[in-house]
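What follows is the residue order along each chain.
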Amino acid sequence: MPFIESVDHLTEYRRRVRAARDPQQLQVLVCGGPGCLPLGSEELAAAFAAEMEARGIAGKVLLKTTGCHGLCSHGVRVLIRPQEISYQKVTVEDVPEIVETTLLSGGVVERLVYHHPESQAPCPHKMDIPFYQTQNPLVLRKLDVIDPESLDDYLALGGYRTLRKILFQMTPEQVIEAVEKSGLRGRGGGGFPTGRKWRLCREAQAQPKFVICNGDEGDPGAFMDRAVMEGDPHAVIEGMIVGGYAIGAMRGYIYVRHEYPLAVKRLQKAIDQAREFGLLGTNILRSNFSFDIQISQGAGAFVCGEETALIASIEGKIGEPNPRPPYPVQAGLFGLPTVINNVETWANVPEIINMGPEWFAAMGTDKSKGTKIFSLVGAVNNTGLVEVPMGTSLRQIIFGMGGGIAHNREFKAVQTGGPSGGCIPPQYLDLPVDYDSLQQVGSIMGSGGMIVMDNHDCMVDVARYFISFLMEESCGKCTPCREGLKQLITILNEITTGKGEAHHVDLMEDICQTMATASLCGLGQSAANPVRSTLKYFREEYERHIRDKKCPAKVCRQLLIYTIDPNECTSCLACVRECPVGAISGPKKEPQVIDQDICVKCGLCVDACQFDAVKVE
Amino acid sequence: MGEVSFYINDLYTSAPVGTTLLEAVRSMDIEIPTLCHHPDLKSEGQCRLCLVEIGDWPQTRLVNSCTYPVEKGLKVQTHSENVLQARRLVLELLLARAPKAEIIQKLAAEHGISQSRFTSEDPEELCILCGLCVRTCRDIVGVSAIGMINRTPAKMVSTPFKEPSEVCIGCGSCAFVCPTGVITYTEKNGIRSIWGRDFELVACETCGSYIAPRASLEYWAKQTGDPVERYYICRNCR
Ligand SMILES: Cc1cc2nc3c(=O)[nH]c(=O)nc-3n(C[C@H](O)[C@H](O)[C@H](O)COP(=O)(O)O)c2cc1C
Ligand code: SF4
Ligand code: FES
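Line order of the protein sequences matches chains A and B.
Numbered according to the numbering used here, the first sequence spans residues 1 to 617.
Numbered according to the numbering used here, the second sequence spans residues 1 to 238.
Treat the hints with care, since some could be wrong.
Stated by the list, open to error - With beta-carbon atoms standing in for the labels, derived distance ranges:
1. A/H456 to B/K42: 25 to 35 Å
2. A/R547 to B/F161: 25 to 35 Å
3. B/L11 to A/G248: 19 to 29 Å
4. B/E124 to A/K536: 49 to 59 Å
5. A/V606 to B/S120: 48 to 58 Å
6. A/G248 to B/G18: 20 to 30 Å
7. B/P164 to A/E540: 25 to 35 Å
8. A/E494 to B/P160: 34 to 44 Å
9. A/E494 to B/E124: 19 to 29 Å
10. B/L11 to A/Q205: 25 to 35 Å
11. B/N9 to A/G248: 53 to 63 Å
Because the hints were derived from the structure by calculation, they are not lab data.
Beta carbons are placed, not taken as given, at the ideal position from N, Cα and C, and that holds for glycine.
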């Protein structure tokens, strides 16, 4: 790799890379994203390489393993360019047919393409698939086409173009103005205006200053930041260079959790490439701006994603939050002014500089601009990553891109914003999703988690599940969060096991109120959301548990009654053998009976019975 | 450094830049309860009793006054309904955690709480995790023999790996600063036992009464550079 001497040299190099590429080049792009990788992306790519070699086309077809293609529930995904044929659930066995039919003969293997859920029509091309049609990917747009380990791939698509603009045509002040004007707000949770954060840091007196990329991503089930770090690492680095220039920092840190070794590897490789190229280091492209980045790995606690805890963790201290003020922009890393932004926030920056703030601000709602990536999981047909303009409705995301509720069940709620988000009921399906609207209905944007629930989910149990997660993750430093979560879980455990009492609801409301207003950090302040929102929208369900000792969704086992229908029982005694406590008995060759006093409600008899004779109420 | 003017309970007042709201409020003889604050230690905002309400209605919020610095024009309420409600609930939670801690019983009673509505997991628990001991050992003694281990719900003060600490000097500062008396030590036959270790106590060369553990005296001598013998005479006899 050459060392890039100047900004003209960079342009010249980019031109050469582009010239050497044929837009009509046949490409096989195997998804190596977080969803597909464990399904065997690597083996699949190897199978393609071997088969293409055997058929003598290895030299003609470009094979790449890329970042996440988005529609993870239908992985491993393979994209064939330039036709943009999109295959799903591809296995090693499918490879010879794809090579024969598509690569050699230009046809489509119909059994491997998505079929429209209503018309059943095949959707061979990526843009025929409703999941992709309605998205507007800015941050994710390169993920399914570039090799994340190739700087040339990134440069060919215009990467590091911002450097000419910021280093030689814009003052730091103008960069900040552009980001302010774009209306970009933090994608990591709080939604704080990014430009304003940068300005506050630039105005802080102390030196040196730092920029940090928050790649902790502790929300279980969320993987948008991971997908970006693994799939387009240079975009994060480029964003951080812009931020460093704007605030006057010479050093950046990327904080990545231990559990993301591939993200660490890709980022490190990208940093090394950028250094070797002279895009990081002293006097970048002969400007008088010097900047370098290092990776810091975290133990992966959820609370370490909170900015003050993250800073403590980089400093080598216990990753516990500290009261603000001082805010990181005043006294952050090592007590010095620090801008900390989320992965997705950083990855948005280069295009804002390239395309201009007006372009960015034209997307989204009044107060939330641009797009947002959501990690759509749970009871929908299509799960994966979606990127949509702010203001897209929940209905469009869940029923459009998500393809509706799986198993033809009924939509019950969607939890947004990670474990401490609220559960939003069906009456708000048409809510345009942005920071403020989600807050108004008692939830949060968080970093973009979206968990869809159906009528088989019990909302009391859902609240119990998230509170138990949050309790385990709470650092325990401050009283309301630590003790409040412990009390909440005690009460929720009682309600879900039939020991709920009428006054429990009031107790929980009191705890929630104080946790929200009096906790030290955002974890405690938002941890009440799952309880508050379910109490608000699904109170009837709580009352059924407390008053009638019933779980309408049949999830809370202790509230269920197992009986054997004498008309359907064949006296096979399968259940009798399975029951761990000997609760089932009866005369030989006659219907068996469950003794309710002995039954521990384990549900094993239901699975044991081949005749559906065990009834659950 | 300059002065900043602001309002406390609608009274216009001022304080030097960098003063905390707690200091400013207390200097006006307004009482705010605290548990994790100590004037000689840096506050970290654990207990949440010192809450005050700041801002202009309806855009107000609660903050802990022990770390929040005075700001120009800031409006501060120390006993608003929101503050009192939160403070009462925090006390109720603490009372459930440490029902026998006298200081909690007293503060709760002062706030009209005789009994907590919440479940006590361990009726004998006294530790409220205010962190005063840990900070004293780290910032004043300077040895960091104890720290917080685990997170909620198992968080506790402990020596590393719950083993006797090698760096502990047996000075007992942690026990001294503890507001609930959960940290204790025993002294018998010239031996002080604390945190699972026994420390030989040095008797005053003049009057014969015990001064402190030898490890402490040696540590202080090293810190000050004075000969250790100077420490073998108690303060009264010096
Ligand atoms: C408990 C907790 C966990 C958080 N986890 C993350 C995280 O994993 N990633 C992240 O970017 N921000 C996280 N945040 C938000 C950060 O504190 C901070 O606001 C954010 O990194 C700022 O970047 P932004 O302005 O670009 O969003 C978390 C906040 C809290 C309270
Ligand atoms: S709110 Fe929870 S996570 Fe945050 S400091 Fe308090 S105990 Fe720790
Ligand atoms: S005294 Fe301020 S939080 Fe404890």
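Each hint, compared with the structure:
1. Taken as a hint, the range 25 to 35 Å is violated for the pair A/H456 and B/K42, whose Cβ atoms sit roughly 51 Å apart.
2. For A/R547 paired with B/F161, a C-beta distance near 48 Å fails the hint of 25 to 35 Å.
3. A hinted range of 19 to 29 Å is violated for the C-beta pair B/L11 and A/G248, which are about 41 Å apart.
4. The supplied range of 49 to 59 Å is broken by B/E124 and A/K536, whose beta-carbon atoms lie about 38 Å from each other.
5. Checked against the given bound of 48 to 58 Å, the beta carbons of A/V606 and B/S120, roughly 38 Å apart, lie outside it.
6. A hinted range of 20 to 30 Å for the beta carbons of A/G248 and B/G18 is consistent with their spacing of about 25 Å.
7. With their beta carbons about 56 Å apart, B/P164 and A/E540 fall outside the hinted range of 25 to 35 Å.
8. A C-beta distance of roughly 37 Å is found between A/E494 and B/P160, which places it inside the suggested range of 34 to 44 Å.
9. At about 23 Å, the beta-carbon gap between A/E494 and B/E124 stays in the expected band of 19 to 29 Å.
10. As the Cβ distance of B/L11 to A/Q205 is approximately 32 Å, the hint placing it in 25 to 35 Å holds.
11. Between B/N9 and A/G248 the Cβ separation comes to about 41 Å, which falls outside the hinted range of 53 to 63 Å.
Hint violations for this structure: numbers 1, 2, 3, 4, 5, 7, 11, all remaining hints satisfied.
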